[in-house]
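With the sequences and hints as input, model every part of the structure.
Here is what each chain is made of, one letter per residue.
There are 2 protein chains.
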Amino acid sequence: MTSSAGTSLLRRTVETYWAAADARDWAAVEAALAEDVVYDLPQTRERIAGRAAFLRFNQEYPGDWRLRIVRIVAEGDQVVTWTHFTVGLEEMYGIAFFTGDAAGRITSQTDFWPESYEPPAGREHLVERY
Amino acid sequence: MTSSAGTSLLRRTVETYWAAADARDWAAVEAALAEDVVYDLPQTRERIAGRAAFLRFNQEYPGDWRLRIVRIVAEGDQVVTWTHFTVGLEEMYGIAFFTGDAAGRITSQTDFWPESYEPPAGREHLVERY
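Chain order of the listed sequences is A and B. Each step along the first sequence adds one to the number in UniProt numbering, with nothing skipped, and position 117 is 117. Each step along the second sequence adds one to the number in UniProt numbering, with nothing skipped, and position 59 is 59.
Please keep in mind that the hints were generated in silico from the structure rather than gathered at the bench. Every residue, glycine too, gets a C-beta built ideally from N, C-alpha and C. Keep in mind that a hint or two might mislead.
Claimed, not checked - Just a sample of chain B residues kept apart from chain A, beta carbon distances all over 10 Å, derived:
#, residue
1, Trp26
2, Thr107
3, Arg123
Stated by the list, open to error - With beta-carbon atoms standing in for the labels, derived distance ranges:
#, chain 1, residue 1, chain 2, residue 2, range
4, A, Ile69, B, Pro120, 36 to 46 Å
5, B, Tyr61, A, Arg129, 17 to 27 Å
6, A, Ala49, B, Tyr117, 19 to 29 Å
Unchecked claim - Far from chain A by the CB rule (all over 10 Å, computed), these chain B residues:
#, residue
7, Leu9
8, Ala19
9, Ala23
10, Ala34
11, Arg45
12, Arg68
13, Ile69
14, Leu89
15, Asp101
16, Trp113
Written out as structure tokens, the structure reads:
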């Protein structure tokens, strides 16, 4: 398989995966995942190993969350997405680093959930707020 | 310019840019940036417009910060980096989404700074902590 074929394969999988998660189409979510997929949350130092556990984690995740992809960058067996989540009136961004196998299935997803914070003092002369 | 030439160009710029920032080589940092570069921090809703202001922001950033690239993903005129920063004994991750111009200079950088947090209850049956 050429590198560019690999790129489009995992990109397509990730796009399908996010659309399926948003639609609660769990069969399609499952099909996007390799059996030995590892889900990693560096901020909480949590790890979920295996498709069955990770699928259940997604199914049990509370709240009526909806998502859309803001940006996607794919190269070889890696894909990064910047997603926008809403849960009711709450909004947040998620960043996910994916790796894939030769069949284009997701072998790992590492998630970051950055939260809003107040800017530190001392740089008001350089920044504008929006 | 082909897409793959564009890819390697901006990737090389971003690698040079991070190495130069780590080394406080401000001339090399400046050379990596387009004049109209925009720096964006969605978490604080801060924006810095223009190379001069953004360079100064970096130069004035407090602390003896050091960085290394954990992962880099490049496609066309987009690059994403996951970096690991240390400031003394403090450690943190940064995620940066870059776009570039035809000359391979950085036209935008959007930064996320995810912080550690305690995992919510209710998923202990699926996760392991590390």
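- Run the structure past the numbered hints and jot down the numbers of the failing ones, going up. Per hint list: 3, 4, 11 and 16 violated.
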